[in-house]
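Participant: Those protein sequence lines, which keep their order, are chains A and B.
Take 1 as the starting number for the first sequence in the working numbering and just add one per residue.
Take 1001 as the starting number for the second sequence in the working numbering and just add one per residue.
These aren't lab readings, by the way, just hints derived from the structure by calculation.
Bear in mind that the values here come from a model prediction, so they are computed numbers and not experimental data.
Any given hint could be a false lead.
When the alpha-carbon atoms are kept at most 16 Å apart in a straight line, the in silico EDC-like pairs for lysine to aspartate or glutamate are as follows [as the list claims (entries may be wrong)]:
1. A/397 x A/383
2. B/1002 x A/31
3. B/1002 x A/35
4. B/1002 x A/66
5. B/1002 x A/60
6. A/251 x A/285
7. B/1099 x A/60
8. A/124 x A/383
Letter by letter, the chains look like this.
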Amino acid sequence: MTLGLREFHPFEAAGRRYLYLVPSAAVFALDDCSEAILHELRGGPQPLAHLTTTLTGRFDALEVTDTIAELQRVRALAEVTGRPPAPMPKIVPLRPVPLQTLVVNVTNQCNLACTYCYEYGEDKIVDTTNGLQPKFMSEETARDSVEFALRESRENTHAHITFFGGETLMNFPVLKSTIAYARRRAAEVGKEIDFSLTTNATLLQPDVIEFLATERVGVTISIDGPEEMQDKFRVFNNGQGSYAMAAPKIKALLQRHRTRPVGARVTLTRQTLDVKRIYDHLTHELGFWEVGFAPVTTAPGRDYAIADAGFDHLLEQFRALAADYLEASLQNRHHGFSNVRETLQEIHQGHAKAYPCGAGIGLMGVSTDGRVALCHRFAGSDDHGLGTVKDGVSWEKQQAFLDTHHIANKTDCATCWARPICAGGCYHEANTRYGTTQSPNLHYCDWIRGWTHTCLEIYGELAARNPGFLAQFDDEPTEKIS
Amino acid sequence: MKHLTAINRKATRMEEVTKDVVALQGPPQQPEPPHIPNGCSLVFSPGWEADRNGGTAGLCQPVERDLFDCHMGCFWPAQVPDQLNHAPDWTAKCAAAQKDWRKIDLIFPDEKK
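Produce the entire structure from the sequences given, and follow the hints as far as they go.
Facilitator: Pasting the structure below:
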């Protein structure tokens, strides 16, 4: 029998050696014998007898045999048969999956005119300015959306609605009445429901803040950092920056709203790549509990697009901030760098994703006219539509989507060890960059691998030095909306 | 498992599952046939330098393996004690031949009979 290595990504932390197995996404720690076996096989497959003979000087023959069996069982090793490996199994859901999150775009209007905006900027998919859609969602469509969310949550006892825009608070009256309606209807059908929204903070009046706090609405604020960074792209129509208006309102919100953690969501551009500074400002000076960063979604060549060298720089900065996260976590202190927390949770769960996110499965987006699409970023787009909140969505369309977007179709991803976590990345980003949702986001592969490796190291470090800290990741992760 | 430590939840689940879950996704597979050495010196069968897997691990080697294989799998009872009549517990202490072969007792004919 000849043995060879299968797919895994080795990493080291706290003086221990670990394996991240692909595609199972399981993490195992190695002992000396298992490490020696994997080391021997690095050069290529070897006959079992040869492998055993090489290692018997260092380990008991029986120990070597046992360890090989364990490594085979977790699929770190396999017999080399000379036949081509079996193709990746492609398992597509056979019946509709319960909807967990419905993102409701209550308006497509915005009081800001952020230059990089995926909804209004150069790379928009739907004509929100001159299109046929109403600028504001009607109360009736919002109610239909609630019914849709409750109905499509199927056997789940819990439903979640996220309000989105445009600027969500420009349609505050409908948002307010919809929450009251949804609570009543959820109670009638015996389900729990909760809410969140994303806003640019400029319209946070005291009565709005009061409402969000008492109704326990989760709030995410889009903000890019200190004044000079925020005002570079997040501007009003006249070009004036929005920091001066947003900052005091954010402080007021953070002071009053204590029922749910309030997070900041930062868009990173070529011109505002200073992660540590942005983080410090948003947490220490403004008081955010958590800060999440995302590189701007853009077609290549835009002035604000992050180029290859920029991604290297970004990775360096993420690593520095992640080191702070690790230090705090080893002492059981809170650290608000949510990108690490989210990745650690995914590593801890070990889900091997067939799809990069829940879009079109557990998550859908509704446009102002009640059309349902893959997610809020595609809301209103005919090409990515699944149905309407009134008439429901087409399972055939959903199935076709799941069939064509499965990781097994993304041949570029077939040899990448990070695919259980990345699965090709954001559909919207791919659509903007490559013109199709089916393409993997090849422009940030190195960045994803680099970042996943860093998070694996942090995970290994915590598993060795403060394993109790990882218990918080036992719960299933929730979909993040950005 | 003794040599690998499960760290994340997926690893723990893999450890708990005793069945081969990945194999369940494929077509049904034939169970492993019992091991019978591929020929021995009683018959002339060229090619028995390899076992049924095409390797050498399953051959009548080393000697302790030979002992058991000939005893159980082949018709060659003369070299080992008569397990049916006189020495039923002859192999009781030898659960795994490769490891325990030293524990096999020597059997002497009962002189009184």
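Participant: If a hint holds in the structure, say so; if it doesn't, say that too.
Facilitator: Consistency of the hints with the structure:
| no. | hint | result |
| --- | --- | --- |
| 1 | A/397 x A/383 | holds, 11 Å |
| 2 | B/1002 x A/31 | holds, 9 Å |
| 3 | B/1002 x A/35 | holds, 13 Å |
| 4 | B/1002 x A/66 | holds, 8 Å |
| 5 | B/1002 x A/60 | holds, 14 Å |
| 6 | A/251 x A/285 | holds, 9 Å |
| 7 | B/1099 x A/60 | holds, 12 Å |
| 8 | A/124 x A/383 | holds, 13 Å |
Checked against the numbered hints given earlier, the structure satisfies every one of them.
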